[in-house]
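Residue numbers (the numbering used here), protein chains in the order written: chain C, 1 to 111; chain D, 1 to 144.
Source of the hints: derived by calculation from the structure; they are not laboratory data.
In the SDA-like style, the derived pairs of lysine to any residue whose C-alpha atoms are separated by at most 20 Å in a straight line are: (1) D:Lys19 <-> C:Ala99; (2) C:Lys52 <-> C:Leu16; (3) D:Lys19 <-> C:Ala102; (4) D:Lys19 <-> C:Arg109; (5) D:Lys19 <-> D:Arg103; (6) C:Lys52 <-> C:Thr20; (7) D:Lys19 <-> D:Ala98; (8) C:Lys52 <-> C:Ala17; (9) D:Lys19 <-> C:Leu100; (10) D:Lys19 <-> C:His106; (11) D:Lys19 <-> C:Gly101; (12) D:Lys19 <-> D:Glu67; (13) D:Lys19 <-> D:Glu68; (14) D:Lys19 <-> C:Gly110; (15) D:Lys19 <-> C:Asp105; (16) D:Lys19 <-> D:Pro69; (17) D:Lys19 <-> C:Asp108; (18) D:Lys19 <-> C:Thr104.
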Amino acid sequence: MPDDIEAIAEQVFAALADPTRRAILAALASRGPATATELAVDLPITRQAIAKHLALLAAAGLVTAEPGERRRVRYRLRSAPMQVAQQFLAALARDWDSALGALTDHLDRGA
Amino acid sequence: MAFPDRIERTVQVAHPPEKVWAALTTAEGLSAWFGNEATIDLRPGGSARMTWNEEGFTAEMRVERVEEPTVFGFTWGIYGLPQDDPRRTYVEFTLEPADAGTRLTVVETGFAQLPDDVHHKAYEGNTDGWAKELGELAVYLDAG
Chain C
1 MPDDIEAIAE
11 QVFAALADPT
21 RRAILAALAS
31 RGPATATELA
41 VDLPITRQAI
51 AKHLALLAAA
61 GLVTAEPGER
71 RRVRYRLRSA
81 PMQVAQQFLA
91 ALARDWDSAL
101 GALTDHLDRG
111 A
Chain D
1 MAFPDRIERT
11 VQVAHPPEKV
21 WAALTTAEGL
31 SAWFGNEATI
41 DLRPGGSARM
51 TWNEEGFTAE
61 MRVERVEEPT
71 VFGFTWGIYG
81 LPQDDPRRTY
91 VEFTLEPADA
101 GTRLTVVETG
111 FAQLPDDVHH
121 KAYEGNTDGW
131 AKELGELAVY
141 LDAG
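In isolation and in its complexed conformation, chain D is listed as follows (with noise of 0.2 Å):
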């Protein structure tokens, strides 16, 4: 099983750099393909959130790079993961002018980051070995 740290999906698309730019960056333009509503303060540092009203969930972003119309990067939390969770993944989107159109290519990284607790090993299989011997215990008490 390998685990997947890097997502990398790439469109061409029959539209020009600065209209591509505008669907990504602006709140009007994420709201009309990505969310159900969005906000966003573009600029790196700046905050963006986009609401999902099907699903009933909010994605809190921070803006990274804003160099436009060709890099906008992001942070946001992974999914599944509490909302104040320090971990997050980065997504990019770059935008090259290609054949009278753009070729779009969006990259997500970050999946794979090693959990603060796994730093700990040699601690961890201290408690771990006493999780097992006092399960055992619990087994001979319990049989008691």
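One chain only, chain C, in its complex shape (with noise of 0.2 Å):
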């Protein structure tokens, strides 16, 4: 198994543990590419902590910035190293248990 997997994945639910990165996450994905100043309008907590926030996110890959008007930094989601997280999840819901229980009950209905 590759180590950048395990990296990647482990930076995302590290990123993802957080209530605020969670929030700053879910604005990114809802409004689009925005600047720290303009999180900060929709967000409960200051520019500043944004700014911090968001440079971690940056750093797990989660988020690129980019140049925005005015000389402003946007941020703008980046969805790759969440899809290798969703991965992990889906091989745990990946449920064969109970598949293989309802193909085991329908056999022998038809018995």
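If you follow the hints, you should be able to join the two separate chains into one complex; please do so.
Written as structure tokens, this is what we have:
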């Protein structure tokens, strides 16, 4: 198993463990790219706190910074690392135990 | 944290492989125990589709192996990823006669596929560096 996937999944889950960072990601997902100042209007925390969280999210690869208007940095959601975490969750959610239980019941009923 | 790439289950059922095969590979069988509605074109490369009404979820499958009545394999998308995402897991059912019934094994593999962008690690490290620096710049500008 490549270490990369482990590292990516760990960063994603660490980022998502914090409610403020989840709120920032949710805001970027619903409204599109935004600056720290714009996010501060929608979220009940200071612009400085948002900027700190954005820097951490950028280091984890979950957002990318790009030049915005008036030399403000705008942040854009980057979903690739989340898809890696999603694959981890998909493996846990694939419920073969209940599916095979249903298959056994089906075969027994028809007997 | 170990990333599960492979899920394997074996069950013993008190029915012959032919009967289990029909439950796995016909629209009538699949819709009776797996999804609520099913269609299947049973040949390698054929399409199959299953719908779960309650969840409002549809799975598009591609039939890969058909060796009646011992091996049935298909690929399908990874739950939660966009419908057009190229990553898919492979599911293979193996049927073996055992104790007047069938030993049925299902193996699903491919959950830990390397995403395309990990291949560009060097490039990524570079953009991540920029992201960090721009983040610091943002903090600086915002403070001003």
